[in-house]
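Hey, can you work out the whole structure from these sequences and the hints?
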Amino acid sequence: MTRLLKVDDSNRSDHWFLTAGDRCYYFYEYTAHKGFGFSKVNSFISNLKKPPSQRYEGHYRYKGSAIQEAASLIRGVLEKSPGLVTSATLVPIPPSKPPEHVDYDDRMEQVVNRACAGLQADGRCLIAQKQAYEASHLQGEGGSRIKPVDLQALYSLVAPKPRGTVILIDDVLTTGAHFVAAKGAILAEYPEVQVAGIFLARRAIPAPADDDLEI
-14 MTRLLKVDDS NRSDHWFLTA GDRCYYFYEY TAHKGFGFSK VNSFISNLKK
36 PPSQRYEGHY RYKGSAIQEA ASLIRGVLEK SPGLVTSATL VPIPPSKPPE
86 HVDYDDRMEQ VVNRACAGLQ ADGRCLIAQK QAYEASHLQG EGGSRIKPVD
136 LQALYSLVAP KPRGTVILID DVLTTGAHFV AAKGAILAEY PEVQVAGIFL
186 ARRAIPAPAD DDLEI
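Straight run, no breaks: the sequence shown in this note's numbering ends on number 200.
Simulated from the structure, these hints should not be mistaken for laboratory data. Hints may be right or wrong, so weigh each one.
[Said to hold, decoys possible] Below, simulated BS3-like cross-link-like pairs (lysine-lysine); rule was C-alpha separation at most 30 Å, straight line:
{"#": "1", "residue 1": "Lys25", "residue 2": "Lys35"}
{"#": "2", "residue 1": "Lys132", "residue 2": "Lys19"}
{"#": "3", "residue 1": "Lys146", "residue 2": "Lys65"}
{"#": "4", "residue 1": "Lys(-9)", "residue 2": "Lys65"}
{"#": "5", "residue 1": "Lys34", "residue 2": "Lys65"}
{"#": "6", "residue 1": "Lys19", "residue 2": "Lys(-9)"}
{"#": "7", "residue 1": "Lys(-9)", "residue 2": "Lys35"}
{"#": "8", "residue 1": "Lys34", "residue 2": "Lys115"}
{"#": "9", "residue 1": "Lys35", "residue 2": "Lys19"}
{"#": "10", "residue 1": "Lys25", "residue 2": "Lys(-9)"}
{"#": "11", "residue 1": "Lys115", "residue 2": "Lys132"}
{"#": "12", "residue 1": "Lys82", "residue 2": "Lys19"}
{"#": "13", "residue 1": "Lys115", "residue 2": "Lys35"}
{"#": "14", "residue 1": "Lys82", "residue 2": "Lys146"}
{"#": "15", "residue 1": "Lys(-9)", "residue 2": "Lys82"}
{"#": "16", "residue 1": "Lys82", "residue 2": "Lys25"}
{"#": "17", "residue 1": "Lys146", "residue 2": "Lys115"}
{"#": "18", "residue 1": "Lys35", "residue 2": "Lys82"}
{"#": "19", "residue 1": "Lys34", "residue 2": "Lys82"}
{"#": "20", "residue 1": "Lys(-9)", "residue 2": "Lys34"}
{"#": "21", "residue 1": "Lys115", "residue 2": "Lys82"}
{"#": "22", "residue 1": "Lys34", "residue 2": "Lys19"}
{"#": "23", "residue 1": "Lys34", "residue 2": "Lys132"}
[To be verified] Pairwise CB distance ranges (calculated):
{"#": "24", "residue 1": "Ala144", "residue 2": "Tyr10", "range": "22 to 30 Å"}
{"#": "25", "residue 1": "Arg40", "residue 2": "Glu119", "range": "16 to 24 Å"}
{"#": "26", "residue 1": "Ser57", "residue 2": "Asp(-7)", "range": "19 to 27 Å"}
{"#": "27", "residue 1": "Tyr10", "residue 2": "Ser141", "range": "20 to 28 Å"}
{"#": "28", "residue 1": "Tyr41", "residue 2": "Ser(-2)", "range": "40 to 48 Å"}
{"#": "29", "residue 1": "Lys19", "residue 2": "Tyr45", "range": "19 to 27 Å"}
{"#": "30", "residue 1": "Arg46", "residue 2": "Lys115", "range": "26 to 34 Å"}
{"#": "31", "residue 1": "Ser28", "residue 2": "Ser(-2)", "range": "22 to 30 Å"}
In this text, all values refer to a predicted model and were calculated from it rather than measured experimentally. We put the beta carbon where it would ideally sit given N, CA and C, even for glycine.
As C-alpha coordinates, this is what we get:
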(Lines of atoms letter the chains of each structure in order from A and count residues from 1; the text may use other names and numbers.)
(Lines give C-alpha, C1' and ligand atoms only; values in the text may rest on other atoms or scores of the structure.)
Protein backbone atom coordinates (compact mmCIF):
# COMPACT_ATOMS: atom_id res chain seq x y z
CA MET A 1 0.00 0.00 0.00
CA THR A 2 1.22 3.50 -0.86
CA ARG A 3 2.04 5.36 2.33
CA LEU A 4 -0.23 8.22 3.36
CA LEU A 5 1.78 11.29 4.41
CA LYS A 6 0.71 14.25 6.52
CA VAL A 7 1.13 17.92 5.67
CA ASP A 8 3.26 19.37 8.46
CA ASP A 9 5.51 22.30 9.35
CA SER A 10 8.06 21.24 6.75
CA ASN A 11 5.75 21.76 3.77
CA ARG A 12 2.63 23.60 4.94
CA SER A 13 3.96 26.91 3.58
CA ASP A 14 3.47 25.53 0.05
CA HIS A 15 -0.28 25.61 0.78
CA TRP A 16 -0.69 29.07 2.20
CA PHE A 17 -4.35 28.93 3.22
CA LEU A 18 -3.73 25.97 5.55
CA THR A 19 -3.06 26.42 9.25
CA ALA A 20 -1.50 24.10 11.81
CA GLY A 21 -5.00 23.03 12.84
CA ASP A 22 -5.83 21.62 9.40
CA ARG A 23 -5.39 17.85 9.09
CA CYS A 24 -4.44 17.12 5.50
CA TYR A 25 -2.84 13.98 4.09
CA TYR A 26 -1.49 13.01 0.68
CA PHE A 27 0.03 10.08 -1.21
CA TYR A 28 2.30 11.73 -3.77
CA GLU A 29 4.01 14.99 -4.67
CA TYR A 30 3.03 16.66 -7.93
CA THR A 31 5.76 18.94 -9.23
CA ALA A 32 4.43 22.34 -10.23
CA HIS A 33 5.41 24.07 -13.49
CA LYS A 34 6.40 20.77 -15.11
CA GLY A 35 4.62 18.83 -17.81
CA PHE A 36 2.89 15.47 -17.63
CA GLY A 37 6.06 13.76 -18.82
CA PHE A 38 8.12 14.98 -15.88
CA SER A 39 7.16 12.12 -13.57
CA LYS A 40 4.72 9.25 -13.13
CA VAL A 41 2.80 11.36 -10.62
CA ASN A 42 2.53 14.31 -13.01
CA SER A 43 1.29 11.92 -15.71
CA PHE A 44 -1.24 10.36 -13.31
CA ILE A 45 -2.66 13.74 -12.29
CA SER A 46 -2.70 15.00 -15.88
CA ASN A 47 -4.68 11.95 -16.98
CA LEU A 48 -7.09 12.33 -14.07
CA LYS A 49 -7.76 15.98 -14.92
CA LYS A 50 -8.47 15.45 -18.63
CA PRO A 51 -11.56 17.60 -19.32
CA PRO A 52 -14.83 16.04 -20.49
CA SER A 53 -14.58 18.13 -23.66
CA GLN A 54 -11.82 15.72 -24.75
CA ARG A 55 -13.90 12.58 -24.24
CA TYR A 56 -13.87 11.70 -27.95
CA GLU A 57 -10.09 11.96 -28.26
CA GLY A 58 -8.01 8.78 -28.07
CA HIS A 59 -5.94 9.80 -25.06
CA TYR A 60 -9.09 10.30 -22.94
CA ARG A 61 -9.10 6.57 -22.18
CA TYR A 62 -6.28 7.18 -19.71
CA LYS A 63 -8.66 9.17 -17.51
CA GLY A 64 -10.60 6.03 -16.64
CA SER A 65 -7.50 4.15 -15.53
CA ALA A 66 -6.39 7.16 -13.46
CA ILE A 67 -9.78 7.26 -11.72
CA GLN A 68 -9.46 3.56 -10.89
CA GLU A 69 -5.91 4.04 -9.57
CA ALA A 70 -7.09 6.92 -7.39
CA ALA A 71 -9.98 4.84 -6.05
CA SER A 72 -7.59 2.03 -5.17
CA LEU A 73 -5.45 4.43 -3.15
CA ILE A 74 -8.43 5.64 -1.11
CA ARG A 75 -9.81 2.13 -0.70
CA GLY A 76 -6.44 1.03 0.66
CA VAL A 77 -6.79 3.61 3.43
CA LEU A 78 -10.25 2.30 4.32
CA GLU A 79 -9.11 -1.31 4.36
CA LYS A 80 -6.13 -0.47 6.57
CA SER A 81 -8.25 1.66 8.95
CA PRO A 82 -11.61 -0.14 9.25
CA GLY A 83 -12.75 2.27 11.93
CA LEU A 84 -13.10 4.91 9.23
CA VAL A 85 -15.58 2.73 7.38
CA THR A 86 -18.11 3.03 10.20
CA SER A 87 -17.23 6.43 11.67
CA ALA A 88 -16.48 8.67 8.69
CA THR A 89 -18.23 10.18 5.70
CA LEU A 90 -16.03 10.47 2.61
CA VAL A 91 -16.90 13.59 0.64
CA PRO A 92 -15.50 14.63 -2.75
CA ILE A 93 -14.63 18.31 -2.92
CA PRO A 94 -16.82 19.77 -5.71
CA PRO A 95 -15.20 20.41 -9.10
CA SER A 96 -15.01 23.89 -10.57
CA LYS A 97 -18.14 23.41 -12.69
CA PRO A 98 -21.67 22.51 -11.44
CA PRO A 99 -23.50 19.47 -12.90
CA GLU A 100 -25.39 21.44 -15.54
CA HIS A 101 -22.16 22.84 -17.05
CA VAL A 102 -20.81 21.28 -20.26
CA ASP A 103 -17.39 20.77 -18.64
CA TYR A 104 -18.69 19.30 -15.38
CA ASP A 105 -16.20 16.65 -14.26
CA ASP A 106 -17.33 14.21 -11.56
CA ARG A 107 -13.95 12.43 -11.38
CA MET A 108 -13.61 12.73 -7.60
CA GLU A 109 -17.18 11.57 -7.04
CA GLN A 110 -16.34 8.51 -9.13
CA VAL A 111 -13.18 7.98 -7.07
CA VAL A 112 -15.14 8.08 -3.79
CA ASN A 113 -17.90 5.82 -5.10
CA ARG A 114 -15.45 3.19 -6.34
CA ALA A 115 -13.35 3.37 -3.17
CA CYS A 116 -16.41 2.73 -1.00
CA ALA A 117 -18.08 0.10 -3.21
CA GLY A 118 -18.85 -3.11 -1.32
CA LEU A 119 -17.92 -1.63 2.05
CA GLN A 120 -20.19 -0.16 4.71
CA ALA A 121 -18.56 3.20 4.09
CA ASP A 122 -20.57 6.41 3.76
CA GLY A 123 -19.19 8.03 0.61
CA ARG A 124 -21.29 10.72 -1.06
CA CYS A 125 -21.58 14.28 -2.28
CA LEU A 126 -22.28 16.44 0.76
CA ILE A 127 -21.44 19.80 -0.81
CA ALA A 128 -23.34 21.37 -3.71
CA GLN A 129 -21.91 24.24 -5.73
CA LYS A 130 -24.03 27.10 -7.02
CA GLN A 131 -22.01 28.32 -10.00
CA ALA A 132 -18.88 27.73 -12.06
CA TYR A 133 -15.45 29.30 -11.66
CA GLU A 134 -12.11 28.79 -13.39
CA ALA A 135 -10.38 25.58 -12.34
CA SER A 136 -7.38 26.06 -10.05
CA HIS A 137 -4.91 24.38 -12.40
CA LEU A 138 -5.91 26.88 -15.10
CA GLN A 139 -5.53 29.92 -12.86
CA GLY A 140 -2.35 31.84 -12.21
CA GLU A 141 -0.35 31.61 -9.02
CA GLY A 142 -0.69 33.90 -6.03
CA GLY A 143 -3.31 36.59 -5.81
CA SER A 144 -5.26 35.57 -8.93
CA ARG A 145 -6.37 32.31 -7.37
CA ILE A 146 -9.82 32.06 -5.80
CA LYS A 147 -9.95 32.63 -2.04
CA PRO A 148 -11.60 30.33 0.54
CA VAL A 149 -14.20 32.93 1.49
CA ASP A 150 -15.29 33.24 -2.16
CA LEU A 151 -15.47 29.47 -2.59
CA GLN A 152 -17.42 28.93 0.62
CA ALA A 153 -20.02 31.42 -0.61
CA LEU A 154 -20.64 29.08 -3.56
CA TYR A 155 -21.16 26.01 -1.37
CA SER A 156 -24.27 24.62 0.28
CA LEU A 157 -24.74 21.31 2.09
CA VAL A 158 -26.90 18.41 0.99
CA ALA A 159 -28.77 16.20 3.47
CA PRO A 160 -28.46 13.85 5.27
CA LYS A 161 -26.14 14.81 8.09
CA PRO A 162 -22.62 13.32 7.85
CA ARG A 163 -21.06 11.02 10.39
CA GLY A 164 -18.85 12.33 13.19
CA THR A 165 -15.79 12.60 10.96
CA VAL A 166 -15.79 14.00 7.44
CA ILE A 167 -12.88 13.18 5.15
CA LEU A 168 -12.71 15.52 2.19
CA ILE A 169 -11.27 13.87 -0.92
CA ASP A 170 -9.58 15.76 -3.76
CA ASP A 171 -6.92 15.26 -6.38
CA VAL A 172 -4.24 17.92 -5.76
CA LEU A 173 -3.66 20.10 -2.72
CA THR A 174 -2.50 23.46 -4.09
CA THR A 175 -3.16 26.57 -2.00
CA GLY A 176 -5.56 24.77 0.33
CA ALA A 177 -8.42 27.11 -0.59
CA HIS A 178 -10.86 24.35 -1.54
CA PHE A 179 -10.20 22.37 1.62
CA VAL A 180 -10.56 25.42 3.86
CA ALA A 181 -13.77 26.49 2.09
CA ALA A 182 -15.32 23.02 2.24
CA LYS A 183 -14.31 22.59 5.88
CA GLY A 184 -15.77 25.99 6.71
CA ALA A 185 -19.07 25.18 5.02
CA ILE A 186 -19.37 21.90 6.93
CA LEU A 187 -18.45 23.36 10.32
CA ALA A 188 -20.87 26.25 9.85
CA GLU A 189 -23.69 23.68 9.70
CA TYR A 190 -22.24 20.92 11.89
CA PRO A 191 -19.73 22.46 14.32
CA GLU A 192 -19.34 19.20 16.24
CA VAL A 193 -17.95 17.32 13.23
CA GLN A 194 -14.23 16.61 12.78
CA VAL A 195 -12.93 17.42 9.28
CA ALA A 196 -9.78 16.12 7.60
CA GLY A 197 -8.60 15.92 4.01
CA ILE A 198 -6.98 13.24 1.86
CA PHE A 199 -5.41 14.29 -1.42
CA LEU A 200 -3.94 12.12 -4.14
CA ALA A 201 -1.01 14.52 -4.31
CA ARG A 202 0.19 17.79 -2.92
CA ARG A 203 1.68 20.41 -5.20
CA ALA A 204 5.40 20.69 -4.50
CA ILE A 205 7.05 23.92 -5.62
CA PRO A 206 10.54 23.10 -6.94
CA ALA A 207 13.49 25.14 -5.74
CA PRO A 208 15.26 27.22 -8.42
CA ALA A 209 18.03 25.30 -10.14
CA ASP A 210 21.52 26.11 -8.93
CA ASP A 211 22.56 27.28 -12.37
CA ASP A 212 19.82 29.90 -12.29
CA LEU A 213 21.32 31.58 -9.22
CA GLU A 214 23.41 34.69 -9.56
CA ILE A 215 26.59 34.68 -7.46
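When the structure is checked against the list of hints, which entries are broken? Sort them ascending.
Of the numbered hints, all hold.
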